[in-house]
Amino acid sequence: MCFTSFSSLANEIDSLKTRHDVNKFITDRLSSRWNGILLECKALPSDFDPNKFDPSLDTEDLFYKADLDGNGLTDLIVCGVRKFAITDEGEGKYVPHFIDTYCMDEMKKLVNIIYKPSGTWLVLQRYAGDFVPDAKPDTLVYKYGQMLELNRSPDHFDIQYVSFKATACYGACPSFEMQINPNGFVSYEGNGNAQIGFKRAYLDSVETDDLFNTLNYVNVTKLRDSYTIQITDMPTYTIEVVFRDGRSKRISDYGGCAPLAIQILFEDMFTIARKNEWVRDER
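Going by the working numbering, the sequence shown wraps up at 404, each residue one higher than the last.
Because the hints were derived from the structure by calculation, they are not lab data.
The C-beta atom is built at its ideal place from N, Cα and C for all residues, glycine as well.
Don't take each hint at face value.
[Said to hold, decoys possible] 27 angstroms max Cα-Cα, derived DSS-like pairs, lysine-lysine:
| no. | residue 1 | residue 2 |
| --- | --- | --- |
| 1 | 257 | 237 |
| 2 | 370 | 343 |
| 3 | 370 | 320 |
| 4 | 237 | 138 |
| 5 | 396 | 320 |
| 6 | 396 | 286 |
| 7 | 230 | 145 |
| 8 | 230 | 343 |
| 9 | 286 | 320 |
| 10 | 138 | 230 |
| 11 | 343 | 257 |
| 12 | 214 | 264 |
| 13 | 370 | 396 |
| 14 | 343 | 286 |
| 15 | 237 | 264 |
| 16 | 138 | 214 |
| 17 | 145 | 214 |
| 18 | 264 | 286 |
[Stated by the list, open to error] Cβ-Cβ distance ranges computed for the label pairs, FRET-style:
| no. | residue 1 | residue 2 | range |
| --- | --- | --- | --- |
| 19 | 354 | 236 | 40 to 46 angstroms |
| 20 | 402 | 352 | 34 to 40 angstroms |
| 21 | 277 | 306 | 20 to 26 angstroms |
Start from the sequences and build out the full structure, keeping to the hints where you can.
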């Protein structure tokens, strides 16, 4: 069996035993676009203790089980083409969370799983092609509905609003702009390969609070202003945070090689943009 489990309540994830089981679960519970993301599951020793995690094991392409969010339900950690986790939110709701990126310089190897009463920590080590043993490990924890790098000194800025812009590419990349206020009001303009036109909506309070708390938790003001790769015809994503004291922070990413925290924020923006509750804004 290729897993580690620390959960107390049985759920569907507990029944997963093989690579085939995991791939079917991912496809059925998420979407078909996830099918095949898990590579071959390597065999563990016959005397493997599922209640212990051995950092010396080659964890590539394995899957593990642990309660990441502390709600008593077993969650899934998948080491495939990209490493990601699936949390069981209850009542049949499963939510995916990437824990590394496609960018070679930011790809990470799972090296430890640490159980805590409030949830489970994932420790990842960066590698670029070859494993980089002296790279500083990252510890990911479940915060504000995401798997975020552990931060013991988050910001506490008063944010006026956050805006996001996605540009077109040589293909079918969605092109749109949004602005989100702390009261949950969202204004949206879709330009291509997205919902077209001016629209508006309100996020629920949990989604709104999670977004603005995440911006402070990841110390967005300390991140670089721009990230880029030497490839043509890629989209550019730009997020701008405007604070009530008049300051602002803008971060642009061309090609998708920004750190995981920024990519998580970008994915949040795309999730909001895909919402079906938009009301047309006649202008």
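Can you confirm whether the C-alpha distance between residue 230 and residue 343 stays at or below 27 angstroms? holds, 25 angstroms
Measure nothing beyond the straight line between the CA atoms of residue 237 and residue 138; if it is 27 angstroms or shorter, mark the hint as holding. Holds, at about 24 angstroms.
Taking only the CA atoms, is the gap from residue 257 to residue 237 under or equal to 27 angstroms? holds, 21 angstroms
Checking one constraint from the list: CA of residue 264 to CA of residue 286, max 27 angstroms. Satisfied? holds, 25 angstroms
Holds or violated: residue 343 and residue 257, Cα atoms, limit 27 angstroms. With a Cα-Cα distance of about 18 angstroms, the restraint between residue 343 and residue 257 holds, given a limit of 27 angstroms.
Go ahead and decide if the range 20 to 26 angstroms is satisfied by the Cβ distance of residue 277 to residue 306. Holds: the Cβ-Cβ distance is about 22 angstroms, inside 20 to 26 angstroms.
Should the hint that residue 354 and residue 236 are 40 to 46 angstroms apart at their CB atoms be regarded as holding? Once the Cβ atoms are compared, 45 angstroms apart, the range 40 to 46 angstroms for residue 236 and residue 354 holds.
Under the criterion that the straight-line Cα-Cα distance not exceed 27 angstroms, is the pair residue 237, residue 264 satisfied? Status holds; Cα separation ~14 angstroms.
Taken at face value, is the distance from the CA of residue 343 to the CA of residue 370 at most 27 angstroms? holds, 9 angstroms
CA of residue 214 to CA of residue 264, is that 27 angstroms or under? The hint holds at about 18 angstroms.
Holds or violated: residue 286 with residue 320, Cα cutoff 27 angstroms? Status holds; Cα separation ~15 angstroms.
Between residue 396 and residue 320, does the CA-CA distance stay at or below 27 angstroms? Holds, at roughly 11 angstroms.
The structure fails none of the hints (numbered hints given earlier).
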